[in-house]
Amino acid sequence: MGGSNVVYVSVHTGDPGSTGINEASGGSPAYARKATTWGSVVNGQVTGSQVAIDVPGNFTYNYAGLWKTATGGQADFIDKVAIAPTTLSAQGQLLITPTFTVS
1 MGGSNVVYVS VHTGDPGSTG INEASGGSPA YARKATTWGS VVNGQVTGSQ VAIDVPGNFT
61 YNYAGLWKTA TGGQADFIDK VAIAPTTLSA QGQLLITPTF TVS
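The numbers in UniProt numbering rise by one with no breaks, and the one at position 76 of the sequence shown is 76.
These are computed hints drawn from the structure, not numbers from a lab.
Heads up, a few of these hints could be off.
Stated by the list, open to error - List of simulated lysine to aspartate or glutamate pairs, EDC-like, C-alpha gap at most 16 Å:
1. 34 with 79
2. 34 with 76
3. 68 with 79
4. 68 with 23
Stated by the list, open to error - The following label-pair restraints were derived from C-beta to C-beta distances:
5. 79 with 32: 18 to 28 Å
6. 70 with 45: 21 to 31 Å
7. 90 with 41: 19 to 29 Å
8. 19 with 49: 20 to 30 Å
9. 91 with 43: 16 to 26 Å
10. 44 with 83: 20 to 30 Å
11. 50 with 102: 17 to 27 Å
For each residue, glycine too, the CB sits at the ideal point set by N, CA and C.
Full structure from sequences and hints, please.
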């Protein structure tokens, strides 16, 4: 995942499982996955660029996901991670900075 590999970040209202289910949708501006670009591996970790994801209110977001494409189905889903549960009462943005340990 180092170098200029682009991966798309999503947020979810429930466990996405192995297929990316429970992905956010709707809102204005509309929800969409956002591209992150990976930096170099430092001390066994690689960090992506921070993304601001537009999300509708009245939902709790508790997972982030990684995808091969900006749109697409379960074949494009890469992985998931639990995030601190965040509930928005109105339209807003979640800031996500993905970091992974390289083994």
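Cross-check of the supplied hints:
Only pairs whose Cα atoms come within 16 Å are accepted, and residue 34 paired with residue 79 is accepted, the gap being roughly 15 Å. This hinted pair checks out: residue 34 and residue 76 have alpha carbons roughly 14 Å apart, not beyond 16 Å. With a CA separation close to 10 Å, the supplied pair residue 68 and residue 79 stays within the 16 Å bound. Taken as a hint, the residue 68 and residue 23 pair is honoured in the structure, with Cα atoms around 15 Å apart against an allowance of 16 Å.
For the pair residue 79 and residue 32, the beta carbons lie near 19 Å from each other, so the given range of 18 to 28 Å is met. The hint said 21 to 31 Å for the Cβ distance between residue 70 and residue 45, and at roughly 25 Å that hint holds. Between residue 90 and residue 41 the C-beta distance comes to about 39 Å, which lies outside the given range of 19 to 29 Å. In this structure the hint that residue 19 and residue 49 lie 20 to 30 Å apart at CB holds, the actual value being about 25 Å.
Between residue 91 and residue 43 the beta carbon distance is about 37 Å. The supplied range of 16 to 26 Å is therefore violated. Taking 20 to 30 Å as the suggested C-beta distance range, the pair residue 44 and residue 83 conforms, at roughly 21 Å. A hinted range of 17 to 27 Å for the beta carbons of residue 50 and residue 102 is consistent with their spacing of about 19 Å.
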